[in-house]
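J.: As a plain string of letters, each chain reads:
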Amino acid sequence: MPVSDNDVADVSREPVAVDHHESTLRSRRRGPYDGGPDMIQLLDPEGQRVLHGGAEEYAHHVDALTPEDLRGFYRDLVLVRRFDLEATALQRQGELGLWVSLLGQEASQIGCGRALRPQDHAFPGYREHGIAWCRGLDPMRLIAMYRGVDRCAWDPAEFGFHTYTIVIGNQALLGTGYAMGVQRDGAVGTGDPERDTAVVAFMGDGATAQGDINEAFVFAGVNDSPIVFFCQNNQWAISEPNERQMRSPIYKRADGFGFPGLRVDGNDVLATYAVTKEMMDRARSGQGPSLIEAWTYRMAAHTTSDDPTKYRFSADVELWKLRDPIARFKTWLAHEGHADGAFFKAVDAEADELAARVRTATVEMPDPGMDEIFDHVYVEPHAQVEQDRAALRAYLDSFEDEGVA
Amino acid sequence: MPVSDNDVADVSREPVAVDHHESTLRSRRRGPYDGGPDMIQLLDPEGQRVLHGGAEEYAHHVDALTPEDLRGFYRDLVLVRRFDLEATALQRQGELGLWVSLLGQEASQIGCGRALRPQDHAFPGYREHGIAWCRGLDPMRLIAMYRGVDRCAWDPAEFGFHTYTIVIGNQALLGTGYAMGVQRDGAVGTGDPERDTAVVAFMGDGATAQGDINEAFVFAGVNDSPIVFFCQNNQWAISEPNERQMRSPIYKRADGFGFPGLRVDGNDVLATYAVTKEMMDRARSGQGPSLIEAWTYRMAAHTTSDDPTKYRFSADVELWKLRDPIARFKTWLAHEGHADGAFFKAVDAEADELAARVRTATVEMPDPGMDEIFDHVYVEPHAQVEQDRAALRAYLDSFEDEGVA
Amino acid sequence: MMAAQRMTIAKALNAALRKAMEADPKVLVQGEDVGKLGGVFRITEHLQKDFGEDRVMDTPLAESGIMGTAIGLALRGYRPVVEIQFDGFVYPAFDQIVSQLAKLHSRSRGAIKLPVVVRIPMGGGIGAVEHHSESNEAYFAHTLGLKVVFCSNPTDAYWMLQQAIASDDPIIFYEPKRRYHEKGEVDLDVPPTLDLFSARVVREGSDVTLACYGPMVKTCLDAAAVAAEEGRSLEVIDLRSVSPLDMPTLEASVRKTGRLVVVHEASGYVGMGAEIAARVTESCFYSLEAPVIRVTGWNAPYPPSKIEELFLPDLDRVLDGVDRALAH
Amino acid sequence: MMAAQRMTIAKALNAALRKAMEADPKVLVQGEDVGKLGGVFRITEHLQKDFGEDRVMDTPLAESGIMGTAIGLALRGYRPVVEIQFDGFVYPAFDQIVSQLAKLHSRSRGAIKLPVVVRIPMGGGIGAVEHHSESNEAYFAHTLGLKVVFCSNPTDAYWMLQQAIASDDPIIFYEPKRRYHEKGEVDLDVPPTLDLFSARVVREGSDVTLACYGPMVKTCLDAAAVAAEEGRSLEVIDLRSVSPLDMPTLEASVRKTGRLVVVHEASGYVGMGAEIAARVTESCFYSLEAPVIRVTGWNAPYPPSKIEELFLPDLDRVLDGVDRALAH
Ligand SMILES: Cc1ncc(C[n+]2csc(CCOP(=O)(O)OP(=O)(O)O)c2C)c(N)n1
Ligand SMILES: Cc1ncc(C[n+]2csc(CCOP(=O)(O)OP(=O)(O)O)c2C)c(N)n1
Ligand SMILES: [Mg+2]
Ligand SMILES: [Mg+2]
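Residue numbers (numbering that gives the first Met the number 0), protein chains in the order written: chain X, 0 to 404; chain P, 0 to 404; chain A, 0 to 327; chain W, 0 to 327.
If we strip away everything but chain X, and leave its shape as in the complex, we get (with noise of 0.2 Å):
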C-alpha cells in the first residue's frame, strides 16, 4: 500500500470542538494501542491542551515557548513533510535509489530536534530526516546519499549530527562513546547553557532487539554519560510487528539498566519537545542517560522498495491517520491564536518552494568521478589502494586512447 500525498491526513482540515475534559478523561483511558496510561501526552489527536495524566510536570518547557517558536514547530512540520513526499516522488521517477520516508514521524523528530543545543550532537539512523532539517543540515546532503552520489559526506562536527547510519544499532555506542568525550571534557553539569552538553541518539523498535542497543544502554549506564537514547516506535521494523521484537514496553528497558525510561506520545509536537528537552536538560546537567520511547507510526512503506500490503492492513493506517501530527497541531495553534490563515498559507507556498528547489538540485546533480572510490580510504595513503587508484586510471585512459570511452 503505497502512500501517496492523498493519503496523508489532510492539514488543511478545520479545528474541530472538544471540550478539554472529555480529553483528558479520554487520555486516561488510553489502552496498549494508543500508547497506553503511561504515555505523555500534551495534545490530544484533536488537536486539545492534556492537562493531566502525567502532562503536568513537562507542560512548564511548553509555557516558556514563545509564540513564534511555535510557529517555527508547524513550519519545520510542514516542510519537512513536504521535503520528504517530494524525495518519495524523485524515488519513484527513477532520481533516487531509494528513500525512507519519515511521513507520520515528524512530530517525534521535530519536536525532539528543537529540544537540542547548537553544542549538543545527533546520532541518527537512516530516517531522522527531520533531526537533520532542525540541525540545519541542507536536505540535499540527504538526497546526495539516497541518490547513491555520496555515502554521507557531511563534517559531524559542523553540524553537531553524525552521518546516517544503516547499520542498525551502530550508532547508539557511539553517541554514548561521543558522550563519554562530553564527560571527560568537563562539558557536563557546569550550569552554563553555553557549555553543557549533551547527546541524542536515535533508534527504531527493531533496533531495541540489537546487542549493540542493549550494550550502550550499560556503557551509558555505568558511566552516567549524558545521552538520551530516543527511540521512535513506529510500531513496524519492516514487516514485524512490536510483538516479534520485544516481550515488554520499549520505554521499560531502561530501569534494568539503571536509567529513567519515559513514552512520549510522538504524534504530539509539544509532548516530544517537553519531553526531550526535560531529559537533555537533565542530561547535560550531570544527571545522566535516560530513553525516550516516542509511539509514533510508519504512515509510509518502510522505504521506497517495501510493500506493506503483504503484511499490514491498511485499517491501521487510517485509523493513525486520525492521530496525524501536523493536523492536531494547526488546530491548536489556530485556536490558541497563535497563527492565522496567512501563516499557513506562506508556509504553504515556502513548502512549494523547497520542493522545487529539492527536485530541480536533484536532477542537476553530477555524479562522482573515479577517484570517489580511492579518495578518503585512508587519511594517509595505501601503497596497494594507490596501486589500484593507477590501475583504474590507465585503464579509462586506454579507453580514451582508443577513442571509445
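Take these hints with a grain of salt, some might be off.
Keeping only pairs whose Cα atoms sit at most 30 Å apart, straight-line, the calculated BS3-like set for lysine-lysine is [what the hints assert, rightly or not]:
{"id": "1", "chain 1": "A", "residue 1": "Lys112", "chain 2": "X", "residue 2": "Lys309"}
{"id": "2", "chain 1": "X", "residue 1": "Lys309", "chain 2": "A", "residue 2": "Lys182"}
{"id": "3", "chain 1": "A", "residue 1": "Lys25", "chain 2": "X", "residue 2": "Lys309"}
{"id": "4", "chain 1": "W", "residue 1": "Lys18", "chain 2": "W", "residue 2": "Lys217"}
{"id": "5", "chain 1": "A", "residue 1": "Lys112", "chain 2": "W", "residue 2": "Lys48"}
{"id": "6", "chain 1": "W", "residue 1": "Lys25", "chain 2": "W", "residue 2": "Lys48"}
{"id": "7", "chain 1": "P", "residue 1": "Lys309", "chain 2": "W", "residue 2": "Lys18"}
{"id": "8", "chain 1": "P", "residue 1": "Lys251", "chain 2": "X", "residue 2": "Lys251"}
Honestly, the hints are just simulated from the structure, not real lab data.
Fit chains P, A and W with the ligands to the given chain X structure using the hints.
T.: Only chains P, A and W with the ligands this time, still in chain X's reference frame:
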C-alpha cells in the same frame, strides 16, 4: 592473593546455636552488600532456616526433599570443592594449562544442578564444574580440556550438558535456540514430568554487559521459550566489580525484557535448589523464561593465571568466608539430624579418593596425536584440510626416515 | 513428475526451500521479515503460510541472536536455514559464526553436528545504499570449519541449496542478488551428478582460463563470447565452492591453457583470488606462462552506487585481465 | 635523556603508552581489566594510577561496546587505544570495526578521522585454552580502511605503538603475546627513521627470502642462523605492516634471491601469505625460480594446546619450506 586449601572456610567446624527469630530479622535488614532485602534465602550463614522475607514461597521444594537427597547435596558440595582444589593444585604443578576455580560457588551450582531433570539441557560457561558434576560428566573431561588435551570432547546430548563456552555470552543464545527447539518438539506444557523440558543457561555478572546475553533475553522473551538464565554474580569479572558492568541489580534486568527476575542467596544450597526448581518447573510448564541471579562470591583468583591482590582486599574475602556455602549446610544438616559424624567422615574419605583418582588420571593422560588437528574439522572431508593433513604426515614421517624424531 | 521449468534464481531458491521443508520436517527457516513479507527479496515467499510460524520464523532484529539461536536449534536436532537480509548485515553475527558455528564440531570431536545454512544475498550492481552490496566470502573462506558456496544460475540455485541443507556441515550459501531475476531452465526432478563442492567448466576454451563464481559467472561468460569473436578461446570455470576449492578442475584447465584470470567482486587484497593464485601457482608452476591475474573489486570500501560500475569487474575489465595474461 | 635500556616487549609497550599519554592528553586507554589490574598481560600496568580513571578505563565486558564507544570518543576528538583482551575476543566487535571504524573516514569524504588503535595480543605458543591463540590478521587486512601492523621486538613495540597512536588512521596493532617477555635493547630517545608501514630487512641473505611478521620473526631468524651453518644464506624480512604491504622492500629481496617463503601462524587458506604470494608472483614473475612457498598454521581451527607445536610453524618447518623453495 592465591587461595590455598587453608583459606577455605573450615567445613568441619561445629554447628553454632542461633535462634530463628534473630536470624529472620537479620535477613530482613540485609544491605546491598549482603544481597539486599529482595534476596531469597532459606538458610542463613549461621546454618539457620530463614522462615520469612520471601522464603515462604519456595520452602515447599525443600520440604519435599528426603534426608537422603539432602545428604546427597552435601556430598556433591564437598566432592566438587575437593575436585576443584585438586585441579588447582595440579595446575600449580604444571599438569594443567589453566584452572578456573569454582571455590565459593558450590551451592549456586549444586542447588541449581540438582533442580534439573535428565531431559533438561544446560549451557555452561567455563566455571560450571558443579553443574557438570550434577549432569554426570566425569570430571576428567573437564581436566582434559584445561590440560590442553582436547577442547570439550563430550557429547552434549548424552549428558544434557553443552560444551564449555569460553567466549562470554555465546551460550545464552545457543541455549535460547535449543529451548525454541524444545518448544517445536512439543516438549513443553504437556504435564508429563518425564517429557516437559527446560533449558538453563549460565553466565557471570560481567557477562550481562554482552550483546549476546541481552539478545538472548529478547529472543527468549519474544518466543516465550522454556529457559532459565542463571547468573552467578560472584561480584567480580576478573578485576572488575559489579559497578563497572551495570548500573542496576542484575535480577532487575529481566523485567524490561518481559519475564521475572529473582535474586537468590547463591551460598545457600537450599535456596538455589528451590528457586531453580520453581523457575525450571515454570519453564517446563510453558510459562516462559526467567532470570535467576545467584548472589555469591569468587573466593579464588579468576583463574590460576590471575592475581587478585592487585585489585581486591583480602578483608572482603574474609567476610565472605563467614558465608561459606558448605559450612552453613553442614551445621543445618547436623542440627536437623539429617546427617551424623560418620556420614561426614565418609564423605571426606570419598573426597580424598576422588582427589587421588583425579591426580593419577591427570598425570597419566596421554597427549593427542597429530590427527587431532584435522579430524572433525568437517563432517565430510574438505580437500584443503586433507591436503594439509597429508603434508603434516609426510613432514613428520620425513623425520622418522631421518631417524631424527 | 514436473517437466523442466523456466524460472528465475529467486524462484528456484524458493522452490528449493519448499522442497527441502517438505522432505524433512526438521528444516526451519529464520530471519528478518522472512514470514508474511517473504523476505525483502521474496525468497521465502508463501513459506510461512504453508509451513506455519514455527517453521518460518520472523526473528527479532539481531543477527547474533539469529545465528546463535539457529545453532541452538541445530543442537536440538533441527536444520535451520538462516537468511541474512543483506551481505553487510552479517557482521553482528560474526562472533557466533566464527567462534561457535565453525568450531563446535571439532571442539566436540565430532559429537556435535551443525547442519546450518546461512543464506546471504551478496554483491553489488543493484544501485543500493551502503552495506547492501558487499562480498565478504574471504572472511568465511579463511574460517576453517565453514564451507562457502555460491550459486550462479537457477539450476544451481535449486539444487545447490538443497544439497547445502542436506549437508551436515555448516554452509555459507551466497546468492548473487543482482541476478535474482535472471531466468533459466531448471529440471526439478533430475538431481545433479555434480557434488556441491565441485567446480563446473561452463565453457571450454584453450587460451586462457577464467575462474569465477556467483554474479561474475555471467560476466565471464559474456566476456568469453566477445573474446571468441575476436578469436580468443577462453575457458570459464564456475568454481561454485570457494571453501573447499576444487583444485583438480582448476589445475586441469590451467595445465591446458597456461594462463589463469580470477574474477570476483570483493576487493582483491587478501581475497579469494589471492588464495587461488597462490595455490595454482604452487601446483602448476611449470605450466603457467603468465602470473595469475586478478580482476576484482578495487582495494577500497564499496563506493557510492552511482560509480559502482567503475568498482565492479565487468566484461571489459575481464577482457583487460585476459589481455594482461596474454601479454606475458 | 635516558640511555638505551634493556626491556621486554611488554615493558616497552607499557612505556610507549605512558609516553603517548604524557605527550597528548587526548590519548585514552580502554578495555577489560586495564585499570587496577593493568591488563591480563600487564601492558597497561600503573597507567590508571598515574593518569586517572578517566583516561584509563575499565570497560564493561562487551567488545562491541568497547569498540563503538572508542569510535565515539574519537569523534569527540580523543585518541583511544583499545585493548582487546585476547585475539579470539575481537569478533563481538567485528561489526563496529568493519562497518564503522574502517569506513567512517571515507563515508564522510574525509570529514571524520578516527585515530583509534586496537591493540590485540595475538598468536599461540602459550599453552592456552581455546580462543586465546588466534591469528586473525587476514580478516582485518582484507578490510580496506584499516591498517594492520605487528611488532616483533621491544624497539618496534616501543616506537611502532607510538607511531600508531600518532597516526590519524585506525590501526589494528598486533602484539606477539608469546614474545611479551623477550628482551631487547631499546633506545627510548632516538625516534626511528623507519616509517610505521615499512618492512625491515632484519637479516641479509642471498639464497631465499623469508617474509614474516610478529612472533614468526624470531622463528625465522633462528631458522636463518641454522641455515647459515648449513651453508644457506637466508634473507629475513620483518614485514611489520601487513596492510599496507611494503612491496618495494619485498620485491628487491625477491629479485635478488629468486625465492620467497612466507611464514605466519594463521591458517594459510585465504591468509596473508596468499596475498603476498599472489602479489609478488605478479610483480616478480620472471625473477622467481620457484613458486612462493607458504609455511603457515594448518588449515584447521587452532588445536588443543598439547599439540599446538605441531600446528604452528617452527624452525624446522621454516627450513622445510626453504628446502621446498630450493627444490625447484
Ligand atoms: C544490522 C542490520 N540488520 C538488518 C538491517 C536491514 N534493515 C534495515 S531497516 C530494518 C528495520 C528497522 O526497524 P526499526 O528499528 O523499527 O526502524 P524503522 O525502520 O522502523 O525506523 C532492517 C531489518 C540493517 N539495516 N542493519
Ligand atoms: C567475549 C569475551 N571477552 C573477554 C573474555 C575474557 N574473559 C574471560 S572471563 C572474563 C570475566 C568474566 O566475568 P563474569 O562474567 O563475571 O564471570 P566469572 O568469570 O566471574 O564467573 C573475561 C573478561 C572472554 N572469555 N570472552
Ligand atoms: Mg520501526
Ligand atoms: Mg563474575
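J.: Lys25/W and Lys48/W were given as a pair; does the straight-line alpha-carbon distance stay at or below 30 Å?
T.: holds, 17 Å
J.: Is Lys251/P close enough to Lys251/X, meaning Cα to Cα at most 30 Å?
T.: Holds, at about 11 Å.
J.: Next pair to validate is Lys112/A with Lys48/W; report whether the Cα-Cα distance is within 30 Å.
T.: violated, 49 Å
J.: Would the pair Lys25/A and Lys309/X pass a check requiring their Cα atoms to be no farther apart than 30 Å?
T.: OK: Lys25/A and Lys309/X at ~27 Å, within 30 Å.
J.: Holds or violated: Lys18/W and Lys217/W, Cα atoms, limit 30 Å.
T.: holds, 27 Å
J.: Does Lys182/A lie within 30 Å of Lys309/X when you go C-alpha to C-alpha?
T.: holds, 25 Å
J.: Given the hint that Lys112/A pairs with Lys309/X, test it: the Cα-Cα distance must not exceed 30 Å.
T.: Violated, at roughly 36 Å.
J.: So if I understand the rule, the pair passes when the alpha-carbon distance is 30 Å or less; does Lys309/P with Lys18/W pass?
T.: holds, 23 Å
In terms of the numbered hints stated before, the structure departs from hints 1, 5, listed from lowest to highest.
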